[in-house]
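Q: Here is what each chain is made of, one letter per residue.
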Amino acid sequence: MQDTHHKPRPLGGRILTVPVVILTVLTLVAVYYVAVRFYLGIGAVTNVNPGYPWGIWVAFDVIVGPAIGCGGFAMALLTYVLNQGKYHPLMRPALLGGLFGYTLAGVAVLIDLGRYFNAVNLMVPWYLNTNSIMVETALCVMAYVAVLWIEFSPAVLERFRLHRVREFLERYMFVIIALGVLLPTMHQSALGTILAVNETKLSPLWWTQLLPLLFLISAIAMGYSIVAFEATLVSRGFRLKSEMHLLTSIARITFWLIAIFLVLRIGVIVLNGNFGLALEPTREALLFWVETILFAGALATLATDRLRRTERYIFLSACLLLLGGTFYRLDSYLLAYVGSPGWLYFPSVPELMVTIGLVAFHVLLFILFCKYLPVLSNPPREAAKARAP
Amino acid sequence: MSLNRRAFLTRSVSGAAAAGATLGAQAEAATLARPDRAAPPDAVGILYDSTLCIGCKACVAACKAANGAPPVVPPTLTDWNSGIWDSAEDLDGRTLNVIKVYVNGTREVKDREIDGFAFVKRHCLHCIDPSCVSVCPVSAMLKDPVTGIVSYDQDACMGCRYCSYACPFGVPQFDLSVSYGRINKCEMCSHLQAKGEIPACCDVCPTGASLFGKLTDLQDEADARLEVSAGAAYAFPRGRLGDETRPKHTAAIASYQNKVYGKKDGGGTQLLYLSAVPFEKLGLPTLPQYSFAGMSEGIQHTIYKWFIAPIVLLGLLLALTYRSTRHHHGGPAQPSPHKS
Chain F
1 MQDTHHKPRP LGGRILTVPV VILTVLTLVA VYYVAVRFYL GIGAVTNVNP GYPWGIWVAF
61 DVIVGPAIGC GGFAMALLTY VLNQGKYHPL MRPALLGGLF GYTLAGVAVL IDLGRYFNAV
121 NLMVPWYLNT NSIMVETALC VMAYVAVLWI EFSPAVLERF RLHRVREFLE RYMFVIIALG
181 VLLPTMHQSA LGTILAVNET KLSPLWWTQL LPLLFLISAI AMGYSIVAFE ATLVSRGFRL
241 KSEMHLLTSI ARITFWLIAI FLVLRIGVIV LNGNFGLALE PTREALLFWV ETILFAGALA
301 TLATDRLRRT ERYIFLSACL LLLGGTFYRL DSYLLAYVGS PGWLYFPSVP ELMVTIGLVA
361 FHVLLFILFC KYLPVLSNPP REAAKARAP
Chain G
1 MSLNRRAFLT RSVSGAAAAG ATLGAQAEAA TLARPDRAAP PDAVGILYDS TLCIGCKACV
61 AACKAANGAP PVVPPTLTDW NSGIWDSAED LDGRTLNVIK VYVNGTREVK DREIDGFAFV
121 KRHCLHCIDP SCVSVCPVSA MLKDPVTGIV SYDQDACMGC RYCSYACPFG VPQFDLSVSY
181 GRINKCEMCS HLQAKGEIPA CCDVCPTGAS LFGKLTDLQD EADARLEVSA GAAYAFPRGR
241 LGDETRPKHT AAIASYQNKV YGKKDGGGTQ LLYLSAVPFE KLGLPTLPQY SFAGMSEGIQ
301 HTIYKWFIAP IVLLGLLLAL TYRSTRHHHG GPAQPSPHKS
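Sequences listed follow chains F and G, in order. Per this note's numbering, numbering through the first sequence is continuous, rising by one, with the last residue being 389. Per this note's numbering, numbering through the second sequence is continuous, rising by one, with the last residue being 340.
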């Protein structure tokens with residue numbers, strides 16, 4: 001049921017724009033500090049210390065990054081599993097975002113691993129510890145990166161007119177798409193299970209046996225939000241007609257996901273009798289409320305059909321939810337994590353620059369891919385106007 | 001925070017069920033959390049009695065020598081300490097054992113909580129059911145089936161530091177100061193034990209504060225000390241429990257906290273603590289009576305029991321994606337994307 005006018009095509013246009021130059025500079029700064037890290041060690045670049053072995057390279061780049069990259073997963077769930085073909089135009093940009101979100105998380109892992117050469121041991125059966133949740137996470141993420149590249153490859157094959165390969169691929173694409181839903185379901189929940197072992201190192205405002213479920217639901221909601229966020233920015237930034245009608249129906253799903261998340265998240269705390277902790281004047285309570293208000297704000301801005309039809313509110317809600325989901329992960333992995341007594345952690349400037357550089361590289365690749373490859377299918381605004389009855 | 005497992009689990013279960021969780025298996029995780037492991041019958045251990053420790057740090061120096069670990073000077077002390085005096089303040093990538101001090105008020109009396117002070121020795125507790133062994137993705141942390149010693153294999157380790165992150169005591173430490181570091185932690189001088197010797201810290205301890213021995217014997221020894229009334233004279237063994245060649249250290253029994261830390265805490269540890277000030281004042285966390293490894297593995301292995309859930313889900317997804325891709329690309333494949 002694809003509208004022939006909605007075929008994805010490369011945007012073209014100038015490559016060396018101001019944003020591209022800025023993003024390239026930020027990327028190069030990160031490359032410099034990564035070189036220092038490999039030459040002098042993690043301690044020379046980061047503020048990671050004996051009390052806080054994981055810093056923002058893990059909490060943001062590896063945990064938040066893939067959650068923001070859940071667009072492809074969330075849209076595949078809708079387009080292919082629930083068979084809602086109308087969402088096709090949003091599929092490729094969503095996949096592209098996920099592609100870089102995940103690939104760069106993989107790069108971040110290699111930067112952060114202290115003995116990176118031994119990462120191959122994850123492929124050596126006698127070294128694998130099946131009790132370790134990180135095994136599942138690592139293997140699923142690696143497999144999913146491959147799946148994402150295959151899922152996205154038709155765009156590349158179209159560009160280079162390799163239609164025979166593409167036809168062959170599309171025949172079996174349903175297998176890849178199914179894996180592209182299964183694998184993120186597994187590892188996004190496992191990212192929550194990783195924290196299950198930290199019962200005393202994580203405040204009960206975050207620690208619950210439902211961690212895997214909460215991480216999964218919030219990741220899917222973040223997936224829909226990043227799609228709305230990207231679609232709005234792309235239609236504005238590249239002056240294309242927006243995909244508003246699609247975003248409106250997605251917003252309804254996002255609304256329910258946030259609602260379920262909040263009920264579970266707060267319900268477990270109340271049922272366990274720990275809600276009092278949220279009312280004490282502590283840093284944890286503050287973090288909890290910042291996070292909860294962001295989620296509640298995202299919920300409120302999608303509460304009525306009128307709001308859901310307004311681009312501004314959809315965009316605002318997406319921003320709030322992406323922030324909320326980011327805080328939920330940063331809090332549970334780092335900010336509400338109780339390190340060894342006597343130690344504090346705050347990221348160093350070089351450490352931050354690596355994280356910023358990775359994000360910049362992500363956006364840079366996204367822009368370049370949209371210009372070179374058939375990713376976006378929104379018609380330009382002028383054309384849209386001319387066709388309008 | 002209540003650490004009563006049963007009550008907590010029941011509540012979680014009802015919460016999850018009420019929510020109609022998609023991962024319904026989640027709710028059962030509670031009841032299926034695997035039982036804690038038991039210590040091997042011939043496990044060895046260390047009994048550290050804080051009331052005997054005089055803070056001489058001979059054990060810290062001996063540990064560094066026995067394990068080839070270089071001295072550590074914190075940045076705040078470098079102006080007068082060129083590195084000739086090891087002055088690590090906490091466990092780090094090059095410090096496997098450290099003596100710390102608890103101080104309060106006027107610091108007048110040893111082993112008193114108020115206006116007093118007390119020493120504590122910190123190193124790996126060699127948990128009976130260790131989190132680090134459970135979480136390590138590449139089996140770099142291993143628990144010896146005979147001695148129960150938790151050892152480290154640098155050829156396996158990929159440096160993810162999940163062990164440090166998950167250890168309830170913050171013990172395993174990655175050496176961050178070199179480009180390709182490794183985890184360092186107390187391995188109870190297993191290289192010395194292989195030669196029939198005892199861990200360096202216990203070997204040099206002048207007062208018997210660090211005492212090596214068979215875990216079950218050490219537990220009995222600790223219980224025996226708690227039985228004796230405070231102030232009574234007691235002959236404390238030095239070095240290895242049961243080694244009659246070393247002279248004993250006769251001193252008065254302190255007024256102990258009525259508990260052996262490590263007997264049950266976190267599922268039990270092979271380093272046992274006795275102290276006159278509350279254990280949390282010494283930086284030893286208050287832990288439930290079960291191991292976190294059992295909790296974490298219980299949740300995970302319930303979701304993935306026999307891999308049924310992922311396989312069923314994959315089958316379902318394949319059916320649905322097959323249907324929807326046929327639907328979208330029903331006709332002959334379009335040869336090329338035409339521009340609008």
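Do not rely on the hints blindly, as some may be mistaken.
Using C-beta positions, here's what the derived DEER-type ranges look like [as the list claims (entries may be wrong)]: (1) G/V312 to F/T130: 40 to 50 angstroms; (2) G/G283 to F/Y39: 31 to 41 angstroms; (3) F/A259 to G/P310: 21 to 31 angstroms; (4) F/L40 to G/K263: 41 to 51 angstroms; (5) F/V156 to G/G83: 24 to 34 angstroms; (6) F/W126 to G/P310: 15 to 25 angstroms.
FYI, nobody ran anything at the bench for these hints, they're computed from the structure. On a predicted model such as this, the values are computed, not experimentally measured, just so you know. Note that the Cβ used here is the ideal one computed from N, Cα and C, for glycine as well.
Q: Compare the structure with each hint and give your call.
A: Results for each hint:
1. G/V312 to F/T130: 40 to 50 angstroms: Given about 20 angstroms between the Cβ atoms, the range is violated.
2. G/G283 to F/Y39: 31 to 41 angstroms: holds (35 angstroms)
3. F/A259 to G/P310: 21 to 31 angstroms: holds (27 angstroms)
4. F/L40 to G/K263: 41 to 51 angstroms: holds (44 angstroms)
5. F/V156 to G/G83: 24 to 34 angstroms: Violated: the Cβ-Cβ distance is about 56 angstroms, outside 24 to 34 angstroms.
6. F/W126 to G/P310: 15 to 25 angstroms: Taking Cβ atoms as reference, F/W126 and G/P310 lie about 23 angstroms apart, which means the hint holds.
When the structure is compared with the earlier hints, violations turn up for hints 1, 5 and for no others.
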